[in-house]
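Trainee: So you can see what is in the structure, the chains are spelled out below.
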Amino acid sequence: MLIPVRCFTCGALIGDKYEKFVNKVKEGEEPGKVLDGIGVRRYCCRRMILSNINIIDHVLPYYEVRAERQREYESEQY
Amino acid sequence: MVKLQVLEQDETKIRVIIKGIHRSYANAIRRFAISEVPTMAIDEVVILDNSSAMYDELIAHRLGLIPLRTDLTRYVLPEDCDCKSTLGCPKCRVLLVLDAEAIDKTREVYSGELKSEDEFVKPTNNFIPIVKLAPRQAIKLEAYARLGKGKEHAKWQPTTVSVLKPVSDDEDVYMLYIESSGSLPAGEILTRAIEVLHKRLVEFTEKLKDVK
Numbered sequence: 003m004l005i006p007v008r009c010f011t012c013g014a015l016i017g018d019k020y021e022k023f024v025n026k027v028k029e030g031e032e033p034g035k036v037l038d039g040i041g042v043r044r045y046c047c048r049r050m051i052l053s054n055i056n057i058i059d060h061v062l063p064y065y066e067v068r069a070e071r072q073r074e075y076e077s078e079q080y
Numbered sequence: 023m024v025k026l027q028v029l030e031q032d033e034t035k036i037r038v039i040i041k042g043i044h045r046s047y048a049n050a051i052r053r054f055a056i057s058e059v060p061t062m063a064i065d066e067v068v069i070l071d072n073s074s075a076m077y078d079e080l081i082a083h084r085l086g087l088i089p090l091r092t093d094l095t096r097y098v099l100p101e102d103c104d105c106k107s108t109l110g111c112p113k114c115r116v117l118l119v120l121d122a123e124a125i126d127k128t129r130e131v132y133s134g135e136l137k138s139e140d141e142f143v144k145p146t147n148n149f150i151p152i153v154k155l156a157p158r159q160a161i162k163l164e165a166y167a168r169l170g171k172g173k174e175h176a177k178w179q180p181t182t183v184s185v186l187k188p189v190s191d192d193e194d195v196y197m198l199y200i201e202s203s204g205s206l207p208a209g210e211i212l213t214r215a216i217e218v219l220h221k222r223l224v225e226f227t228e229k230l231k232d233v234k
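Chains as they are written, first to last, in the working numbering: chain A, 3 to 80; chain F, 23 to 234.
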């Protein structure tokens, strides 16, 4: 759903690094070098970040629309 | 002669050369660093409100894995605490609260939003995502952290990597490398591991006396 807090294999903290990684790659940097730069050295931790997709980002738009509908409905009440 | 030489050391890692002790004893130090040195981690969570897209259990699990800064001088393991209470007391547990809500924009809730009753015991990193909330979703919970050992659950492991490597074949010379998860400084993990191992061995010798 969201990026795991720790690496499955070694237990190192990786949760805080995903966002940084995605932003830097979007700016055009090379993924491998970005990982080196944020201190993710072992390949167990590297695959955690490289292979992750935040599924929650595909789910939340539905809730956003629902909240929007609710707001519209409430404003019509008055 | 036992010799210990520190090759490199900082908050997160330590690399030492151990000379003159048997391999089994050196390996015991490595294993104790993984499973016998206590650290602080969230263990029980009371969910007061959760309208997020994630299940209560999933959030509780994520909270448990967040490394918390640990003070081993002020806190004791619940089984060693004299309060003997299942609820715990100020000496064996810490309360953290999270109260977050998304008003009109989707947002991420980070570990930095956890408010701890103890200034010292708090997440080592403030940017670990816990949940993501859509507008009008909210999360409110009480989390109880306590000391625990790595052998009970990996969330209490103070180390990430802990390896022992022989340096020479004929002598007892080993390289021990310990990397911390963040809850304790790497140097303290090593000293505590040796301390606990020593205590265990003393207990064991006492037990042997009874057998005789």
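Hints listed in this document are in silico derivations from the structure and should not be mistaken for laboratory results. Check the hints yourself; a few may be wrong.
Claimed, not checked - Only some residues are given here: those of chain A computed to face chain F with a beta carbon under 8 Å:
#1 L15
#2 R43
#3 Y65
Only a predicted model underlies this, so the values are computations on that prediction, with no experimental measurement involved. All C-beta atoms, glycine included, are put in the ideal place defined by N, C-alpha and C.
Trainee: Confirm or reject each hint.
Mentor: Hints and how they fare:
| no. | hint | verdict |
| --- | --- | --- |
| 1 | L15 | holds, 6 Å |
| 2 | R43 | violated, 10 Å |
| 3 | Y65 | holds, 3 Å |
Of the numbered hints listed earlier, the single one contradicted by the structure is hint 2.
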